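Starting from the known structure of chain A, arrange chain B on it as the hints suggest.
There are 2 protein chains.
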Amino acid sequence: MKELIKKIRSSQALSPEAEEYLFSISKKKTFPKGAVLIQQGQNVNKIYFVLEGCLRSYCIDKSGKEHTLQFGIMNWWISDYIAIHNHKSATLTVECLKESTVIEFDAKKLNSIFVPFPEYEPFHRNLLERHVASLHQRILNQLQLTAAERYDLFLEQYPDIEQFTRNYHIASYLGITQESLSRIRVEKNKK
Amino acid sequence: MKELIKKIRSSQALSPEAEEYLFSISKKKTFPKGAVLIQQGQNVNKIYFVLEGCLRSYCIDKSGKEHTLQFGIMNWWISDYIAIHNHKSATLTVECLKESTVIEFDAKKLNSIFVPFPEYEPFHRNLLERHVASLHQRILNQLQLTAAERYDLFLEQYPDIEQFTRNYHIASYLGITQESLSRIRVEKNKK
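Note that the protein sequences, when read in sequence, are chains A and B.
Residue 86 in the working numbering is what sits at position 86 of the first sequence, and the numbering runs on without skipping anything.
Residue 280 in the working numbering is what sits at position 89 of the second sequence, and the numbering runs on without skipping anything.
Next comes chain A alone, as it looks inside the complex (with noise of 0.2 Å):
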């Protein structure tokens, strides 16, 4: 926890009695690989931290097969704000790639903080902003890059991750099949 006071001191100052209420509402967990924190049709009550390890968020189509909207490493919040902010249940599921330490939120709670802590409102806003403009450069790329330059990006982006992810974990984050993935990754080596 006090890894996440010092990210959001380090851009606004925080009352005491602000921190006090953070802690209060968060608890610091560890789960570990396989440990499933949220699942698709489920109620989703919980918003993530993550402090060390892997997330993943994904969900399930009609026909059984998973497709991945984000993966969560350090520093890195995840949860599911579709089902958050329009009041429904879980439309993705949230699992633990490896060993995963979060701090884990009463997302009611967390999303109640603004009134009797205003002051968390410009970290908050500033953490929105960023997502929102990464989710266009993401969409963006999704129309006009071949996947083999998604692929690139993605790994600049998460260099480690190959480790503890299995190919259809990435090529259904791309909107590839595994088959074109494994061609991508050839022809990369080749280079």
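Please keep in mind that the hints were generated in silico from the structure rather than gathered at the bench.
Not one of these hints is a red herring.
Label-pair restraints from in silico Cβ distances:
id, chain 1, residue 1, chain 2, residue 2, range
1, B, Arg357, A, Lys98, 44 to 50 Å
2, B, Ser280, A, Tyr158, 25 to 31 Å
3, B, Asp351, A, Pro32, 48 to 54 Å
4, A, Lys109, B, Leu318, 17 to 23 Å
5, A, Gly41, B, Ser201, 30 to 36 Å
6, A, Arg166, B, Tyr359, 36 to 42 Å
Under 7 Å between C-beta atoms, here's a sample of chain B residues computed to sit facing chain A:
id, residue
7, Asp252
8, His258
9, Leu260
10, Tyr272
11, His276
12, Pro309
13, Glu312
14, Leu319
15, Leu326
16, Leu334
Quantities reported herein were computed from a predicted structural model and do not represent experimental measurements.
Ideal placement from N, C-alpha and C gives every residue a C-beta, glycine not left out.
For chain B alone, coordinates are given in the frame of chain A:
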């Protein structure tokens, strides 16, 4: 501008001073069809709230092909948030697809509103959170739905847009060729 003030007021109280500030940093403008409000490669210092009409944000790739990120219709915000957030020149072009009336904001001044008027934070936070959820959904749709299903969703979201968009506007938003879009339309009309 009254329309926007009303919209903000529906989610929270605004002081007369905050309203006055919003007026002071904005200007209602009408642009003809084809007008370019933001040009890829140039500086971005405006954010637009759409009162009437339709705008489109897109980028042109190395081969000259256009890729549509967003359509801006009534009550939507449009700008180049990648450029604004990363302090770089425009990745996108924003143009009017028909005569459009917007409220034009000075981006820096709008982003500085929160210090003197923190009451503006909840409205902005809600907007960003809704936008994040819809971008997550769009990425998942792009990964898991067929082009025909994405086209159906597009028509639900923008029911009247085909009156003033060209085929390549829609195809480049859906990430498909114009030929695919034509085939989907033919199939749809058969049903």
